[in-house]
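Sequences listed follow chains A and B, in order. For the first sequence, the residue numbers in our numbering are 1223 to 1460. For the second sequence, the residue numbers in our numbering are 2 to 122.
Among these hints, one or two may not hold up.
For lysine to aspartate or glutamate, the following EDC-like pairs were computed, each having C-alpha atoms within a straight-line distance of at most 20 Å [stated by the list, open to error]:
#: 1; chain 1: B; residue 1: Lys71; chain 2: B; residue 2: Glu13
#: 2; chain 1: A; residue 1: Lys1224; chain 2: A; residue 2: Asp1307
#: 3; chain 1: B; residue 1: Lys71; chain 2: A; residue 2: Glu1237
#: 4; chain 1: A; residue 1: Lys1233; chain 2: A; residue 2: Glu1290
#: 5; chain 1: A; residue 1: Lys1417; chain 2: B; residue 2: Glu47
#: 6; chain 1: A; residue 1: Lys1243; chain 2: B; residue 2: Glu25
#: 7; chain 1: A; residue 1: Lys1243; chain 2: A; residue 2: Glu1273
#: 8; chain 1: A; residue 1: Lys1294; chain 2: A; residue 2: Glu1280
#: 9; chain 1: B; residue 1: Lys71; chain 2: A; residue 2: Asp1405
#: 10; chain 1: A; residue 1: Lys1233; chain 2: B; residue 2: Glu68
#: 11; chain 1: A; residue 1: Lys1304; chain 2: A; residue 2: Asp1315
#: 12; chain 1: A; residue 1: Lys1263; chain 2: A; residue 2: Asp1300
#: 13; chain 1: B; residue 1: Lys65; chain 2: A; residue 2: Glu1290
#: 14; chain 1: B; residue 1: Lys73; chain 2: A; residue 2: Asp1405
#: 15; chain 1: A; residue 1: Lys1266; chain 2: A; residue 2: Glu1290
#: 16; chain 1: A; residue 1: Lys1389; chain 2: A; residue 2: Asp1405
#: 17; chain 1: A; residue 1: Lys1317; chain 2: A; residue 2: Glu1353
#: 18; chain 1: A; residue 1: Lys1243; chain 2: B; residue 2: Glu82
#: 19; chain 1: A; residue 1: Lys1417; chain 2: B; residue 2: Glu49
#: 20; chain 1: A; residue 1: Lys1301; chain 2: A; residue 2: Glu1290
#: 21; chain 1: A; residue 1: Lys1425; chain 2: B; residue 2: Glu29
#: 22; chain 1: A; residue 1: Lys1270; chain 2: A; residue 2: Asp1307
#: 23; chain 1: A; residue 1: Lys1349; chain 2: A; residue 2: Asp1315
#: 24; chain 1: A; residue 1: Lys1417; chain 2: B; residue 2: Glu82
#: 25; chain 1: A; residue 1: Lys1371; chain 2: B; residue 2: Glu47
#: 26; chain 1: B; residue 1: Lys65; chain 2: A; residue 2: Asp1405
#: 27; chain 1: A; residue 1: Lys1389; chain 2: A; residue 2: Asp1315
#: 28; chain 1: A; residue 1: Lys1270; chain 2: A; residue 2: Glu1237
#: 29; chain 1: A; residue 1: Lys1243; chain 2: B; residue 2: Glu21
#: 30; chain 1: B; residue 1: Lys73; chain 2: B; residue 2: Glu84
#: 31; chain 1: B; residue 1: Lys65; chain 2: A; residue 2: Glu1240
#: 32; chain 1: A; residue 1: Lys1224; chain 2: A; residue 2: Glu1264
#: 33; chain 1: A; residue 1: Lys1389; chain 2: A; residue 2: Asp1428
#: 34; chain 1: B; residue 1: Lys71; chain 2: A; residue 2: Glu1240
#: 35; chain 1: A; residue 1: Lys1442; chain 2: A; residue 2: Asp1300
#: 36; chain 1: A; residue 1: Lys1371; chain 2: B; residue 2: Glu84
#: 37; chain 1: A; residue 1: Lys1417; chain 2: B; residue 2: Glu68
#: 38; chain 1: A; residue 1: Lys1301; chain 2: A; residue 2: Glu1264
Think of the hints as simulated: they come from the structure by calculation, not from any bench. For clarity, every value in this text was computed on a predicted model and none was experimentally measured.
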Amino acid sequence: MKFYDLHIQGKNFQEDREILKEAQRLGYSGAAITYPDKSYKEAKRALKRLEEEFQDFEIIKAVSIISETPRKLRRKVDKFRKTADIIIVKGGDPKINRAACEDIRVDILTKPYQNRRDPGINHVHAKAAAENNVAIELNTNDIIRSYLKVRTKLFEYYRDIIKLHRKFHFPIVITSNATSTYDLRTPRDIIALFKCINMQEDKIIDALSTIPRSIIEFNKQRDSMIIFGAKIVNKGIQ
Amino acid sequence: MKLKMLPPSLREPQRYLAVEIISEEPLEKNDIVSIIWSACLRLYGECETSKFKPWLIRVWEPIKYGENYKQKCIIRCKRGEEEKVRAALTSTSQYNNRRVAIHTIGISGTIRSAAQKFIKG
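Sequences and hints are given; from them, build the entire structure.
See the structure below:
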């Protein structure tokens, strides 16, 4: 089975290479290196070099967008949709969470619970996310690095998100959000960790392998898609 | 006086986890024991940890791994609870303000097969 990690934070070529090598050793078949929208332009060269160096390991270019208003978010998504493989939106603000869930061009919404006292997602967001195929991210780095009250709260939010997922069937992805090699864990360890919040094993495997794979495949075909569900099959034939 | 050992039919079945620890500094056996206990107690609490019966069996010498150190060891636990111990070990990130990462390489029924399959092999 192929496992993917769709959110590894990029810094520079040297450190990215180390993290990717470790991910490959731990049993992943692909990973997305994510740069913030401000530094994505400068990071393009490093990403190209990484793609050349890792031949049998899939490297995906991802951009994480931070914005204050939904209008700015839409503008930034327009800007990066053609250059980046995956668009990740950092949530927290309810308006941003909703705008991200309602935008079909967004792939992943990360940390909708940040700086909040609730999971940041309700039935309205869940319905929109399911309609527009926006995946909600569950983050292992937050669990690993926190303890006591903060970790308990995180588990509570994750349980709420999983409860909504059971009803509305929006996609869920599990990522590491790693900043160093110490934040990475093997896929089997992550499965064991998420079992403790009563997530079923097949759902966890889906979140680690099937859904990330489908996001990558969908984005490869996005250019030839006129609208969702209709695409140009052969561009050459008249 | 030491108690007589239980007959095999009354002994509890066990599982052995082959574990790899990556740390900034080489760790002693006592450090690893306290990491295992604090990880289990943090994630599952006292009541649940009492079911695990974790025990550190053997620690191999640390090897230099880039700028860090890599150490392999075997941990014993009760059969049926190995996934929970694995999850607890996964959730560890720090020890004495130094970064630590624990990966479970494999689970086995005997010490010998765990060492042959996952540590020496």
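Evaluated hints:
1. Proximity of Lys71 (chain B) to Glu13 (chain B) is assessed by CA-CA distance (about 32 Å); at most 20 Å being required, the pair is judged violated.
2. Among the hinted pairs, Lys1224 (chain A) with Asp1307 (chain A) is consistent with the structure: their alpha-carbon atoms are about 19 Å apart, no more than 20 Å.
3. Between Lys71 (chain B) and Glu1237 (chain A) the CA atoms are separated by roughly 19 Å; this keeps the pair inside 20 Å, and the hint holds.
4. Proposed proximity of Lys1233 (chain A) and Glu1290 (chain A) is contradicted: the alpha carbons are some 23 Å apart, above 20 Å.
5. Taking the CA atoms of Lys1417 (chain A) and Glu47 (chain B), the gap is near 19 Å; set against the 20 Å cutoff, the hint holds.
6. Our distance criterion of 20 Å between C-alpha atoms is met by Lys1243 (chain A) and Glu25 (chain B), whose separation comes to about 18 Å.
7. A threshold of 20 Å between alpha carbons decides the hint, and for Lys1243 (chain A) with Glu1273 (chain A) the separation of about 13 Å falls inside it, so the pair holds.
8. Using a Cα cut-off of 20 Å, the hinted pair Lys1294 (chain A) and Glu1280 (chain A) is violated, with the two alpha carbons roughly 31 Å apart.
9. Between Lys71 (chain B) and Asp1405 (chain A) the CA atoms are separated by roughly 15 Å; this keeps the pair inside 20 Å, and the hint holds.
10. Between the alpha carbons of Lys1233 (chain A) and Glu68 (chain B) the distance comes to roughly 18 Å, so the proposed pair stays at or under 20 Å and holds.
11. The suggested pairing of Lys1304 (chain A) with Asp1315 (chain A) is violated, with an alpha-carbon distance near 26 Å, which exceeds 20 Å.
12. Distance hint between Lys1263 (chain A) and Asp1300 (chain A) is fulfilled; the C-alpha atoms sit about 15 Å from each other, no more than 20 Å.
13. At most 20 Å may separate the alpha-carbon atoms for a hinted pair to count; Lys65 (chain B) and Glu1290 (chain A) exceed this at roughly 45 Å.
14. Under the criterion of a C-alpha separation no larger than 20 Å, the hint pairing Lys73 (chain B) with Asp1405 (chain A) is consistent with the structure, at around 18 Å.
15. Taken as a hint, the Lys1266 (chain A) and Glu1290 (chain A) pair is broken in the structure, with Cα atoms around 25 Å apart against an allowance of 20 Å.
16. For the suggested pair Lys1389 (chain A) and Asp1405 (chain A), the alpha carbons sit about 31 Å apart, so the restraint of at most 20 Å is broken.
17. With a C-alpha separation of about 18 Å, the suggested pairing of Lys1317 (chain A) with Glu1353 (chain A) holds against the 20 Å cut-off.
18. Straight-line distance between C-alpha atoms of Lys1243 (chain A) and Glu82 (chain B) comes to about 31 Å, which puts the hinted pair past the 20 Å bound.
19. Between the alpha carbons of Lys1417 (chain A) and Glu49 (chain B) the distance comes to roughly 15 Å, so the proposed pair stays at or under 20 Å and holds.
20. For the suggested pair Lys1301 (chain A) and Glu1290 (chain A), the alpha carbons sit about 16 Å apart, so the restraint of at most 20 Å is met.
21. Among the hinted pairs, Lys1425 (chain A) with Glu29 (chain B) is inconsistent with the structure: their alpha-carbon atoms are about 38 Å apart, more than 20 Å.
22. A distance of roughly 13 Å separates the Cα atoms of Lys1270 (chain A) and Asp1307 (chain A); the hinted pair therefore holds under the 20 Å criterion.
23. A hinted pair counts as satisfied when its Cα atoms are at most 20 Å apart, and Lys1349 (chain A) with Asp1315 (chain A) qualifies at roughly 18 Å.
24. Simply put, Lys1417 (chain A) and Glu82 (chain B) have alpha-carbon atoms about 12 Å apart, close enough for the 20 Å limit, and the pair holds.
25. Note on Lys1371 (chain A) and Glu47 (chain B): the hinted pairing holds, with a Cα-Cα distance of about 17 Å set against a maximum of 20 Å.
26. The suggested pairing of Lys65 (chain B) with Asp1405 (chain A) holds, with an alpha-carbon distance near 19 Å, which does not exceed 20 Å.
27. Between Lys1389 (chain A) and Asp1315 (chain A) the alpha-carbon distance is near 24 Å, which puts this suggested pair outside the 20 Å criterion.
28. With a C-alpha separation of about 15 Å, the suggested pairing of Lys1270 (chain A) with Glu1237 (chain A) holds against the 20 Å cut-off.
29. A C-alpha spacing of about 17 Å is found between Lys1243 (chain A) and Glu21 (chain B), which places the hinted pair at or below 20 Å, so the restraint holds.
30. Straight-line distance between C-alpha atoms of Lys73 (chain B) and Glu84 (chain B) comes to about 19 Å, which keeps the hinted pair within the 20 Å bound.
31. For the hint linking Lys65 (chain B) to Glu1240 (chain A), the alpha-carbon distance of about 15 Å falls within 20 Å, and the restraint holds.
32. Using a Cα cut-off of 20 Å, the hinted pair Lys1224 (chain A) and Glu1264 (chain A) is violated, with the two alpha carbons roughly 30 Å apart.
33. For the given pair, Lys1389 (chain A) sits about 16 Å from Asp1428 (chain A) by alpha-carbon distance, which is consistent with the 20 Å threshold.
34. With a CA separation close to 15 Å, the supplied pair Lys71 (chain B) and Glu1240 (chain A) stays within the 20 Å bound.
35. At most 20 Å may separate the alpha-carbon atoms for a hinted pair to count; Lys1442 (chain A) and Asp1300 (chain A) meet this at roughly 17 Å.
36. For the given pair, Lys1371 (chain A) sits about 23 Å from Glu84 (chain B) by alpha-carbon distance, which is inconsistent with the 20 Å threshold.
37. Of the pairs offered as hints, the one joining Lys1417 (chain A) and Glu68 (chain B) is violated, with about 33 Å between alpha carbons and a cut-off of 20 Å exceeded.
38. Restraint check for Lys1301 (chain A) and Glu1264 (chain A): the C-alpha separation of about 15 Å stays at or below 20 Å, so the hint holds.
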